[in-house]
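Trainee: These protein sequence lines map, in sequence, to chains A and B.
Mapping to this note's numbering: the first sequence position 44 is 44, numbers consecutive.
Mapping to this note's numbering: the second sequence position 24 is 1024, numbers consecutive.
Treat the hints as calculated values from the structure; they're not laboratory data.
The structure displayed is predicted, hence computed values, not measured ones.
Even for Gly, the Cβ is constructed at its ideal location relative to N, Cα and C.
Just so you know, not all the hints are guaranteed correct.
A few chain A residues that don't get close to chain B, going by computed Cβ distances all over 12 Å [claimed, not checked]:
1) Thr82
2) Cys114
3) His245
BS3-like mimics (lysine-lysine), calculated; alpha carbons at most 25 Å apart, straight line [what the hints assert, rightly or not]:
4) B/Lys1125 x B/Lys1157
5) B/Lys1144 x A/Lys72
6) B/Lys1135 x A/Lys24
What the simulated footprint calls covered on chain A by chain B, stretch by stretch (three residues with Cβ under 8 Å from a Cβ of chain B suffice, anywhere in the stretch; the number is not a length) [what the hints assert, rightly or not]:
7) 40-54
8) 165-174
9) 211-217
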Amino acid sequence: MRKKILYVDDVSHNLITMNMRLKKHFDIFPAKNSETMFEILETTIPDLILLDINMPKSSGLSVLERLKATDKYAHIPVVFLTIGGSKSNLLRGMNLGAADYMLKSWRDEKILECINLHLEPERQEKPIILAIDDDPSILKSVNFALKDRCETRTLTEPEKMQDLLSIITPDLFLIDCHMPDINGFDLIPKIRAFPQHEHTPILFFSSAGTYDNVSAALTLGAEDFIRKPIDPDILRARIEAKLKHYLFIRRLRTYEKDII
Amino acid sequence: MPIKKLEGIDTEKGLAQYNGDETVYFNMLRTYMLSLRAMANAIETFNENEIEGYRVKVHGIRGASGHIFATQISESAAALENAAMEGDTAFIKQNHAPFINSAYALVQSIEEIFASIPQIAKPEKDKPDSALLEKLIDACNGFKMEDVENAMVEIEKFSYTNDGGLAAILRENVDMVNYREIVELLEKGE
């Protein structure tokens, strides 16, 4: 069964062009404005929506907001299309629930790759979490909580972290504050010394969720602080939120030259 | 080939984008021409009180023109878009009229290219078959883009002696993705 893509763009030439580029793979449903988009949605639930950010009357951002606020459409992945829109708009879009963004100038293969990534999320590579704690039972519970969404690498000996970082590139660090031979906070500069980890989120956890601990973690550049014992749902929710934001920003950086 | 002489568009790059397929490229040029004309019409006069709407329109021209390698128009549109974002109405007032004129000039050049292409003789009919028009209505009602195009291609396999220009009007509306208008027009004519 061919997948359905609803493409919303006020410029008819763009609608025709995108159909030309994608018709071999998908059925394209064109909408020149949000009214037509909602009219199509009454009868056809697409597998993905491509949404132009810059449209007259209602901008892509306000359309996205309406989509995400409507239960029966909220699950549909929405990918923004831009010719080089502003970074702040893209970030706002991400916060409103956009799955991704694409540049209209991308080659067909790249556009296809991006669309397929969101049509078949199982094809997406799982993000890698590096969890560091001297207590293996904590690491087990972290792995259990995250196993469906992330690939968790665990380390009970923090002194081996630098060697491990020459082999793997985690997308997020989860570190115990207090370990026998090293303070978890001391790992921050060691992580940041790797250029690829200049912005990688670091989350701390500790059973001592005191003001001093939390403040020290956040002041040193940690993204969040999670209190032990770990509640698997809370851990998953917080990590997913941080990862989503970070991975989106990382993609933005990759194409920064195209963005205002 | 007349297509190679189109001033304002790098047709070589454009053609290469569609693997040298002139039929596809001509279709793209035609839809670009219609979109450019519609967008230029929409902002023919610059209204200071609707600067955000103006920005969105020149943004649209910038994108569509860039994609078809109409570089000069695209760059002029980008400059006006930036000015609109910064609220630089003096720049817009100074550059808007030349921009619109160059957009219309490009539209005219593309129209002339199409007018110069010899028409292929087609079998004649009085009017488009009602079954084909029904097919077009169904496709438009379902917003099925490829089905709409396929129905239109079927209609265009003939030239019509007594359709009052209907086939041409339908083609323009298909290219402008005006599906609701097509349905209204055809249902009104029944």
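Trainee: For each hint, tell me whether it holds in the structure or not.
Mentor: Status of the hints after comparison with the structure:
no., hint, result
1, Thr82, "violated, 9 Å"
2, Cys114, "holds, 17 Å"
3, His245, "holds, 26 Å"
4, B/Lys1125 x B/Lys1157, "holds, 10 Å"
5, B/Lys1144 x A/Lys72, "holds, 22 Å"
6, B/Lys1135 x A/Lys24, "holds, 21 Å"
7, 40-54, "holds (count 4)"
8, 165-174, "violated (count 0)"
9, 211-217, "violated (count 0)"
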